[in-house]
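Visitor: Listed below are the residues making up each chain.
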Amino acid sequence: MFEAFDGHVPLQAYLLLAAFLFCIGVWGLINSRNAVRVLMSIELMLNAVNINLMAFSSFIDGDLIRGQVFAVFVITVAAAEAAVGLAILLSLYRNRVTVDMESFNLLRW
Amino acid sequence: MTIASSTELICFLLLGVGVVLGSIGVVLLENIVYSAFLLGGVFLSVAGLYLLLNASFVAAAQVLVYVGAVNVLILFAIMLVNKKEDLKVIKSLRLRRILSGGVCFGLLFLLVRVVITTNWSLPGPVAIGEAATERIGEHLFTDYLLPFELASVLLLMAMIGAIVLARKDVVYLESTPESDLKQGLIEQAQPTLLADKPTNS
Numbered sequence: 007m008f009e010a011f012d013g014h015v016p017l018q019a020y021l022l023l024a025a026f027l028f029c030i031g032v033w034g035l036i037n038s039r040n041a042v043r044v045l046m047s048i049e050l051m052l053n054a055v056n057i058n059l060m061a062f063s064s065f066i067d068g069d070l071i072r073g074q075v076f077a078v079f080v081i082t083v084a085a086a087e088a089a090v091g092l093a094i095l096l097s098l099y100r101n102r103v104t105v106d107m108e109s110f111n112l113l114r115w
Numbered sequence: 786m787t788i789a790s791s792t793e794l795i796c797f798l799l800l801g802v803g804v805v806l807g808s809i810g811v812v813l814l815e816n817i818v819y820s821a822f823l824l825g826g827v828f829l830s831v832a833g834l835y836l837l838l839n840a841s842f843v844a845a846a847q848v849l850v851y852v853g854a855v856n857v858l859i860l861f862a863i864m865l866v867n868k869k870e871d872l873k874v875i876k877s878l879r880l881r882r883i884l885s886g887g888v889c890f891g892l893l894f895l896l897v898r899v900v901i902t903t904n905w906s907l908p909g910p911v912a913i914g915e916a917a918t919e920r921i922g923e924h925l926f927t928d929y930l931l932p933f934e935l936a937s938v939l940l941l942m943a944m945i946g947a948i949v950l951a952r953k954d955v956v957y958l959e960s961t962p963e964s965d966l967k968q969g970l971i972e973q974a975q976p977t978l979l980a981d982k983p984t985n986s
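For the protein sequence lines, the chains are A and B, in the order given. The opening position of the first sequence corresponds to residue 7 in this note's numbering, with each subsequent residue numbered one higher. The opening position of the second sequence corresponds to residue 786 in this note's numbering, with each subsequent residue numbered one higher.
Chain A extracted, bound-state conformation (with noise of 0.2 angstroms):
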């Protein structure tokens, strides 16, 4: 698995550390009751992609790092998505008075 070990980190150890994180994103995606908190779990699985990106830009790219670029592009469309994700959720809370997601059930077949 290390064969390459030379006493530097691997790309895997890198690659395996993303996904932990993408898969606690997820799981606090489906499983959160509070709305802010399925945004913070998405802001999660962001940043694992973004490592993910980042391990291959160093080790595989390193040098022409387009991942970094991604990587970059990745934060932009997460900041944006975070601000137009806390509108939604505030003009909701001003409908419904809660931030329960088993309460948004208006789009339920």
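To be clear, the hints were calculated from the coordinates, so they are not data collected in a lab. A hint or two may mislead.
[Said to hold, decoys possible] Derived Cβ-Cβ restraints for the label pairs, each shown as a range:
id, chain 1, residue 1, chain 2, residue 2, range
1, B, Gly887, A, Asp67, 17 to 25 angstroms
2, A, Val80, B, Gly891, 23 to 31 angstroms
3, A, Met107, B, Leu931, 31 to 39 angstroms
[Claimed, not checked] For the chain A half of the interface with chain B, some residues (derived, Cβ under 7 angstroms), not all of them:
id, residue
4, Cys29
5, Ser64
6, Gly68
7, Gln74
8, Leu96
9, Leu98
10, Met107
11, Glu108
Source: prediction; values computed, not measured. All C-beta atoms, glycine included, are put in the ideal place defined by N, C-alpha and C.
Since chain A is already given, all that's left is putting chain B on it; use the hints.
Guide: Showing chain B alone in chain A's frame:
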């Protein structure tokens, strides 16, 4: 930026433990304010990981955007919507949690298997290290120029959209001759819609 490999390993382990424990705390803690502050810790640890990967610009952007902007925004949202409420009891909630936990463990198993069994084409080209910031600038203004401009449009749209969505409704009262002095924009508290709608099914 070269540091001794043992120091690098210790830093990676510390930051990794911080990321994993912090994110578990974000998901599982009862008090959402603690979750928000732990989320800031997770963001800072991820920025430290970026520093270990020789990406100082992205680490600075991570600290500025995530810790400085997104985390503060989340804290503001918590402050605005934080109300003690008794959550309704959902039946089969425990079963749902266990099932979704199973799905997440399956996903984790799949990802770990992919990571371990794939033959990554290592070692790649020599990393450019500290020249990464200049290279990011070259990329942004040559071959990634269109996504860069689109990102600016996206941020503008997000800003306007957030203002429109989060604004209170402003009612313009019709001016009658005897109430000239009172005309103007008056904010009215919006009546809550569907607040006490009985949840059927």
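Visitor: Are the hints correct? Go through all of them and say.
Guide: Here is how each hint holds up against the structure:
1. Gly887(B) <-> Asp67(A): 17 to 25 angstroms: 35 angstroms, violated
2. Val80(A) <-> Gly891(B): 23 to 31 angstroms: At roughly 25 angstroms between Cβ atoms, Gly891(B) and Val80(A) fall inside 23 to 31 angstroms, so the hint holds.
3. Met107(A) <-> Leu931(B): 31 to 39 angstroms: Given about 37 angstroms between the Cβ atoms, the range holds.
4. Cys29: 4 angstroms, holds
5. Ser64: With a closest approach of 4 angstroms, the Ser64(A) hint holds.
6. Gly68: 4 angstroms, holds
7. Gln74: Holds, about 5 angstroms.
8. Leu96: 5 angstroms, holds
9. Leu98: At about 9 angstroms, which exceeds the 7 angstroms cut-off, the nearest Cβ of chain B leaves the hint on Leu98(A) violated.
10. Met107: Met107(A) check fails; min Cβ-Cβ to chain B is 10 angstroms, beyond 7 angstroms.
11. Glu108: Cβ of Glu108(A) sits 6 angstroms from chain B, so the hint holds.
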